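Chains as they are written, first to last, in my numbering: chain X, 1 to 191; chain L, 192 to 242.
It should be emphasised that the hints constitute simulated quantities derived from the structure, not laboratory data. Quantities reported herein were computed from a predicted structural model and do not represent experimental measurements. Each residue gets a CB set at the ideal place from its N, CA and C atoms; glycine is no exception. A few of these clues could be false.
Ranges of calculated distance between the beta carbons of each label pair, as one might list FRET restraints [stated by the list, open to error]:
1) L:210 x X:32: 36 to 44 angstroms
2) L:240 x X:99: 32 to 40 angstroms
3) X:157 x L:231: 19 to 27 angstroms
4) L:210 x X:94: 41 to 49 angstroms
5) X:5 x L:231: 33 to 41 angstroms
Now for the letters of each chain:
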Amino acid sequence: MSADVSRALNIAGLFAVSAILLVAFWDQFANAELPCPLCLLQRAGFVCAAMGLALNIRFGPRPSHYGIVILSSLVGATAAVRQVLLHVAPNTGAYGEALFGLHFYTWAFVVFAAMVAGSAVMLLFDRQFEPPRPAGLPRLGTAALALAGLLALGNGVSTVLECGGGLCPDNPAGYELLDPAAPVPAPEPAG
Amino acid sequence: MMSVPFFGCTLAILAVWAGRRWIAVALWALSLIALGVLYRLHATDTLPLAF
Chain X
1 MSADVSRALN IAGLFAVSAI LLVAFWDQFA NAELPCPLCL LQRAGFVCAA
51 MGLALNIRFG PRPSHYGIVI LSSLVGATAA VRQVLLHVAP NTGAYGEALF
101 GLHFYTWAFV VFAAMVAGSA VMLLFDRQFE PPRPAGLPRL GTAALALAGL
151 LALGNGVSTV LECGGGLCPD NPAGYELLDP AAPVPAPEPA G
Chain L
192 MMSVPFFGCT LAILAVWAGR RWIAVALWAL SLIALGVLYR LHATDTLPLA
242 F
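Given these sequences and hints, build the entire structure.
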């Protein structure tokens, strides 16, 4: 696999991660489903994993960049697995609506696992790391970087509006900075 | 506080676009550490699992 092919795959991967973050935003604004703290940590995991792809696109593929994808995905998957385990037992409810039969945190774990596996597969191809490294930034790569950057910034702003400067409530009911008098969410029924 | 990883990675992506690789990697590392700390702060309840 040449460096150019690798870069093209990384651009596609960065667009795919951005699509995931866009779906999360769509669910937040169109369906009014506010992200919980673990949800936000999973989104941050995707943004951190996107950094590895962005580095491959800008500076050419390097094993360390795939390492960034893997490490970020492992941290994101940890948050996703915790949220799955919080709701896997009977009568523990769920957070948010399901999408194609699985909740968002389950899909997040699937995608994080796929990103780890995909990075491992990409690392099998040594030719992409041989010099010379691709120079410059293709137009599509610039677009992918711009979209990822905007989504990272948008998530940061959204998080500040929802949680202010501190930690987020476990079951958010509104945007703290937009409506400080938002009602305190009722506790979830036990059992 | 929860927004630290997002803003950190935003700056990191700007550094990538500007061609500053080591700054981008450093910002990513700080963001990931912040992500880990935030997870630790939030994961406090015992999981409702009994085997």
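Each hint, compared with the structure:
1. Evaluation of the 36 to 44 angstroms hint for residue 210 of chain L and residue 32 of chain X yields a pass: the beta carbon distance comes to about 41 angstroms.
2. One distance hint, 32 to 40 angstroms for the beta-carbon pair residue 240 of chain L and residue 99 of chain X, is violated here, with the actual separation near 25 angstroms.
3. With their beta carbons about 24 angstroms apart, residue 157 of chain X and residue 231 of chain L fall inside the hinted range of 19 to 27 angstroms.
4. For residue 210 of chain L and residue 94 of chain X, the Cβ-Cβ distance of about 45 angstroms falls inside the hinted range of 41 to 49 angstroms, so the restraint holds.
5. Taken as a hint, the range 33 to 41 angstroms holds for the pair residue 5 of chain X and residue 231 of chain L, whose Cβ atoms sit roughly 39 angstroms apart.
Checked against the numbered hints listed earlier, the structure breaks hint 2 alone; every other hint is satisfied.
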